[in-house]
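Novice: Take the sequences, apply the hints, and build the full model.
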Amino acid sequence: MKYLTRQEELVLLSVFRLKDNAYLISIQDHLNHFTGKDWSISSVYIPLSRLQKNGYLKTTIGEVTEKRGGKAIKYYQMTKIGLKALAELEAINETMWSGVKGLVEKPESS
Amino acid sequence: MPKKPPQIAASILRWILPPKDREYLLGDYEESFQRKLEEKNALSASLWYWGQLIHTAPEYLLESFYWRIVMFKNYFIIALRNFYKNRSYSVLNILGLAIGMACCCLFALWVFDELHYDRFHEKSDRICGAVFDMEVEGNTWTISSTPALLGPALEQELPEVVATTRYQSYGQVLLTHGETSSFESGIYLVDSSFLKMFSFPLISGNENTALSNPNSIVISTDFAARYFPDENPLGKILTLNNKHELMVTGILKNAPHNSSLTFQMLMPFKFYEGLRIQQGDPFGWRENRPMTFIEIQDPDLTEALNLKIRNFVREKANDDTAHQFSTVPLEEFRFSPYYGGSGRATYLSIFSLIALFILLIACINFMNLSTARSANRAKEIGMRKVIGANRINIILQFFGESLLLSFTAMNAAIILVVIFLPTFNQIFGKDLPLSILGSGFVPLVYIGIALLAGLGGGSYPALYLSAFKPVMTLKGNLKSRGKRGMMRKGLVTFQFVLSVSLIISTVVIYRQLDYIKDFNLGFDKEHVVYIPLRAGSGESYSVLKNKLLNDSRILSVTGAAHLPSYIGTNDTRAKWDGQEKENEILIHISWVDYDYIKTLKIELLEGIDFSRATPSARTTGFLVNEEMIKLMGKDKGVGDRLEMSRVNGKILGVMKNFHFLPLNYQIPPLVVKFNDQRPSYLITRISAHNIPASIEFLKETWETTIPAYPFEYHFLDLDFDRMYRDEERISNIMKSFAFLAIFIASLGLFGLASFTAEQHTKDIGVRKILGASVPGIVVLLLNEFMKCILLANVIALPIAYFIMVKWLQNFAYRVNLDPGIFVFSCLASLTIATFSVSYQTIKAATANPVDSLRYE
Numbered sequence: 005m006k007y008l009t010r011q012e013e014l015v016l017l018s019v020f021r022l023k024d025n026a027y028l029i030s031i032q033d034h035l036n037h038f039t040g041k042d043w044s045i046s047s048v049y050i051p052l053s054r055l056q057k058n059g060y061l062k063t064t065i066g067e068v069t070e071k072r073g074g075k076a077i078k079y080y081q082m083t084k085i086g087l088k089a090l091a092e093l094e095a096i097n098e099t100m101w102s103g104v105k106g107l108v109e110k111p112e113s114s
Numbered sequence: 023m024p025k026k027p028p029q030i031a032a033s034i035l036r037w038i039l040p041p042k043d044r045e046y047l048l049g050d051y052e053e054s055f056q057r058k059l060e061e062k063n064a065l066s067a068s069l070w071y072w073g074q075l076i077h078t079a080p081e082y083l084l085e086s087f088y089w090r091i092v093m094f095k096n097y098f099i100i101a102l103r104n105f106y107k108n109r110s111y112s113v114l115n116i117l118g119l120a121i122g123m124a125c126c127c128l129f130a131l132w133v134f135d136e137l138h139y140d141r142f143h144e145k146s147d148r149i150c151g152a153v154f155d156m157e158v159e160g161n162t163w164t165i166s167s168t169p170a171l172l173g174p175a176l177e178q179e180l181p182e183v184v185a186t187t188r189y190q191s192y193g194q195v196l197l198t199h200g201e202t203s204s205f206e207s208g209i210y211l212v213d214s215s216f217l218k219m220f221s222f223p224l225i226s227g228n229e230n231t232a233l234s235n236p237n238s239i240v241i242s243t244d245f246a247a248r249y250f251p252d253e254n255p256l257g258k259i260l261t262l263n264n265k266h267e268l269m270v271t272g273i274l275k276n277a278p279h280n281s282s283l284t285f286q287m288l289m290p291f292k293f294y295e296g297l298r299i300q301q302g303d304p305f306g307w308r309e310n311r312p313m314t315f316i317e318i319q320d321p322d323l324t325e326a327l328n329l330k331i332r333n334f335v336r337e338k339a340n341d342d343t344a345h346q347f348s349t350v351p352l353e354e355f356r357f358s359p360y361y362g363g364s365g366r367a368t369y370l371s372i373f374s375l376i377a378l379f380i381l382l383i384a385c386i387n388f389m390n391l392s393t394a395r396s397a398n399r400a401k402e403i404g405m406r407k408v409i410g411a412n413r414i415n416i417i418l419q420f421f422g423e424s425l426l427l428s429f430t431a432m433n434a435a436i437i438l439v440v441i442f443l444p445t446f447n448q449i450f451g452k453d454l455p456l457s458i459l460g461s462g463f464v465p466l467v468y469i470g471i472a473l474l475a476g477l478g479g480g481s482y483p484a485l486y487l488s489a490f491k492p493v494m495t496l497k498g499n500l501k502s503r504g505k506r507g508m509m510r511k512g513l514v515t516f517q518f519v520l521s522v523s524l525i526i527s528t529v530v531i532y533r534q535l536d537y538i539k540d541f542n543l544g545f546d547k548e549h550v551v552y553i554p555l556r557a558g559s560g561e562s563y564s565v566l567k568n569k570l571l572n573d574s575r576i577l578s579v580t581g582a583a584h585l586p587s588y589i590g591t592n593d594t595r596a597k598w599d600g601q602e603k604e605n606e607i608l609i610h611i612s613w614v615d616y617d618y619i620k621t622l623k624i625e626l627l628e629g630i631d632f633s634r635a636t637p638s639a640r641t642t643g644f645l646v647n648e649e650m651i652k653l654m655g656k657d658k659g660v661g662d663r664l665e666m667s668r669v670n671g672k673i674l675g676v677m678k679n680f681h682f683l684p685l686n687y688q689i690p691p692l693v694v695k696f697n698d699q700r701p702s703y704l705i706t707r708i709s710a711h712n713i714p715a716s717i718e719f720l721k722e723t724w725e726t727t728i729p730a731y732p733f734e735y736h737f738l739d740l741d742f743d744r745m746y747r748d749e750e751r752i753s754n755i756m757k758s759f760a761f762l763a764i765f766i767a768s769l770g771l772f773g774l775a776s777f778t779a780e781q782h783t784k785d786i787g788v789r790k791i792l793g794a795s796v797p798g799i800v801v802l803l804l805n806e807f808m809k810c811i812l813l814a815n816v817i818a819l820p821i822a823y824f825i826m827v828k829w830l831q832n833f834a835y836r837v838n839l840d841p842g843i844f845v846f847s848c849l850a851s852l853t854i855a856t857f858s859v860s861y862q863t864i865k866a867a868t869a870n871p872v873d874s875l876r877y878e
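Here the protein sequences come in this chain order: Y and D. 85 is the number that our numbering gives to position 81 of the first sequence; each next residue is one higher, with no gaps. 706 is the number that our numbering gives to position 684 of the second sequence; each next residue is one higher, with no gaps.
Hint data in this document are derived by calculation from the structure and do not stem from the laboratory. Only a predicted model underlies this, so the values are computations on that prediction, with no experimental measurement involved. Fair warning: there could be bad hints in the mix.
[To be verified] Think about it this way: if two alpha-carbon atoms lie no more than 20 Å apart in a straight line, the pair counts; the simulated EDC-like pairs of lysine to aspartate or glutamate are: (1) Lys58/D <-> Glu94/Y; (2) Lys292/D <-> Asp303/D; (3) Lys25/D <-> Glu70/Y; (4) Lys78/Y <-> Glu61/D; (5) Lys42/D <-> Asp33/Y; (6) Lys57/Y <-> Glu81/D; (7) Lys57/Y <-> Glu61/D; (8) Lys71/Y <-> Glu81/D.
[To be verified] From the derived model, a few chain D residues whose C-beta atoms are all more than 10 Å from chain Y: (9) Lys26; (10) Leu47; (11) Leu48; (12) Gln56; (13) Ser167; (14) Leu180; (15) Gln319; (16) Ile372; (17) Glu548; (18) Arg556; (19) Leu577; (20) Phe761; (21) Ser874.
C-beta: ideal position from N, C-alpha, C; glycine also.
Specialist: This is the structure in structure tokens:
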């Protein structure tokens, strides 16, 4: 597995969490909501397109709607590789992060 | 009616967004826009949209850059794979291009060098030389010799003239220091301002005072090493012509190779001025000897200065017809007719043009080979187009490939240049240092040539291949094969037109040179040795002659004022009986000792040579040539009166015409008088047996008779070879050009032949099965190329003929352009072409049809 950047990781997780409703705007909203920061369209799109290129994501073309100015919508779904990558990420994160929790709390309590 | 995002921003955004997701992203932006519209008002939504554009543009551009790199990598890999797959073609291409480029580079270096002559002087833009035009008998002569009085007078009387210096060769002189003594040339007389005007720095000595004393000299490091090997030359004495003692006051640093002025030793002009005054023969305004260089304040005012100088000289010389004076800037000396440079520019441009032609031939190879291979690339191009490449992408891809190739070739070319620079220098009599390869704009020249070749050679394939229709290529039927073939044949024909023209020119030049060298000059130049009697050595001529004649190895000895190969002195003043008007034809004149006719084996048509038996004839007799008789009138001959150079005498003998001028000229009338006092040359015919012994004898005799002067001898026939050195050089250059052109063209032909053979694999197989013979198939394949070569010959003949007729006009005696030359070059080109295609053709023709038909 190639290492993912933090943005890519967050975007991949968002797609995973959004299940069937993962398209650019929904992913953006999701990220805005959970990180509390303002993600621009391009800052979502670029990690998305890289993830897609590397095979973590696949796409389906959706419906054309009036509010999108007559343009089609592009949905993103997890691929097997993507899911596997997420699992590996979690495993790595868990081992790497173990023990950190206590460290952060200690100075506050003392 | 829903509101739309701002149109301008939308279209800019459309342009920036990555093409593959453009539509969806635009949709996403619009959705966000609509949402903002609902939440707030139209203005803030529009502002947001614009803000997005400004904010995100760099990110997308960066991203697309990333994709470009990825695509570039793909193109690069495909290009390398293609090179590798078609190794032989690639090598042919690169080799041909590299040779063509190396050729171009060398000439570019040459041009670069020529253009930088004399630029190293700090004041190069402010120095100019005084020159004038002289009209004689309707011909204009361009002359750089000026009155010796001009320089000092200008300096004194014209305020815009900062400084002047005269510059005059002192001819050949004898220099002596202790045991070392030899004749030297490259001795120049200059004014003391010379070292300050020109940037010829001194290693030691003071440039302000070095030449201020009339007996001081400045010498080159060469001279310093030769005459003062183990001591410091400063303050030492060199003796000039065994008479004048000169003190070394400075040593010159070696001048850069690109200096028009070259010298070994500088002497003060004052020294010479003093000698002339001693002899009671001071300078006058009508005598033109030294060059005069002027340093001016403002180079923009030269036009006004020219006028001033013109009037100035007119006034001083007190002569209304005074010649048209003007000035030539130092930086233009190299190509100025006044300094013998008019032909230089012509040859330079002609050779550069031919070098470019050779590059063109190499580029055509490249074009032909890549279009020939296009069928193999067609599927790739079709595929790329289907996936989404547009025509521009394909064009860029092929330009990229040709540039990759041309830059690879350039690297090979630079290696070739480094290897062949010494050879080049030798052939051209140049002195280009290796360091010039990296100096100034030269690296830009390489890049320029590589770009030129890459873009020039790549343009046709790029435009041609990119026009393929994907449907056609993927279905596998490429139409318009005939038209494509025509283009290729046309280019091959063009290559051979150039090559054949070069071959014809080379043959003609070579033949002309041979013709000149073996020309019957009217005298026998074999086994003739001459000894220049320089300075005071002429006084011992008769002693020397008598001593030499005592030996059987010396067949005859004579003395003369000129060598028989060049009698330049001439005069128009001559009188004879029955003359209708004053003579205006230049009559050449020379002075000789007894036995001149005998030594040189000149044929005497009537009369006798100067003879010891009739001493009175010595003072009043003339030997004349046939042309002179023609001039005086057919009925004239031996015994008729002739008055010339203050002698009233009569014709003693008539010589058959001999060539005493280079063969570029017709033989003019010649008159020879007797003089055995202080001749300039001792001319002797030696026995053909054991020449070294004869030379040794000459040397011994010289050294016992005139030990004060070093011995020096020359063979007359070797001298002749040297006379035609320029022509020989041109012949050599043309030979290499013709060879390169035909070689590169043959490389291309070889490549094309293998392609054709490959294309015809199947039909050759079918033909063979149906009973075609091997020779029949070879002829069939050859046919295609031979037509091109024949056509090329037909086109090249008149072109080469026209050019060569022009060139031959430089010679008064020239070979005929007989058809043999043209037949030869035609046959040669056909043979070479056949040779280069035959390998592939025969291979294809002899292949087993089973193998070729099994492909399907």
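Novice: Please go over all the hints and tell whether each is borne out by the structure.
Specialist: Here is how each hint holds up against the structure:
no. : hint                  : in the structure
1   : Lys58/D <-> Glu94/Y   : 36 Å, violated
2   : Lys292/D <-> Asp303/D : 14 Å, holds
3   : Lys25/D <-> Glu70/Y   : 11 Å, holds
4   : Lys78/Y <-> Glu61/D   : 24 Å, violated
5   : Lys42/D <-> Asp33/Y   : 23 Å, violated
6   : Lys57/Y <-> Glu81/D   : 17 Å, holds
7   : Lys57/Y <-> Glu61/D   : 35 Å, violated
8   : Lys71/Y <-> Glu81/D   : 25 Å, violated
9   : Lys26                 : 7 Å, violated
10  : Leu47                 : 6 Å, violated
11  : Leu48                 : 5 Å, violated
12  : Gln56                 : 5 Å, violated
13  : Ser167                : 79 Å, holds
14  : Leu180                : 74 Å, holds
15  : Gln319                : 65 Å, holds
16  : Ile372                : 58 Å, holds
17  : Glu548                : 86 Å, holds
18  : Arg556                : 88 Å, holds
19  : Leu577                : 96 Å, holds
20  : Phe761                : 55 Å, holds
21  : Ser874                : 44 Å, holds
Of the numbered hints given earlier, the model fails hints 1, 4, 5, 7, 8, 9, 10, 11, 12; all others are met.
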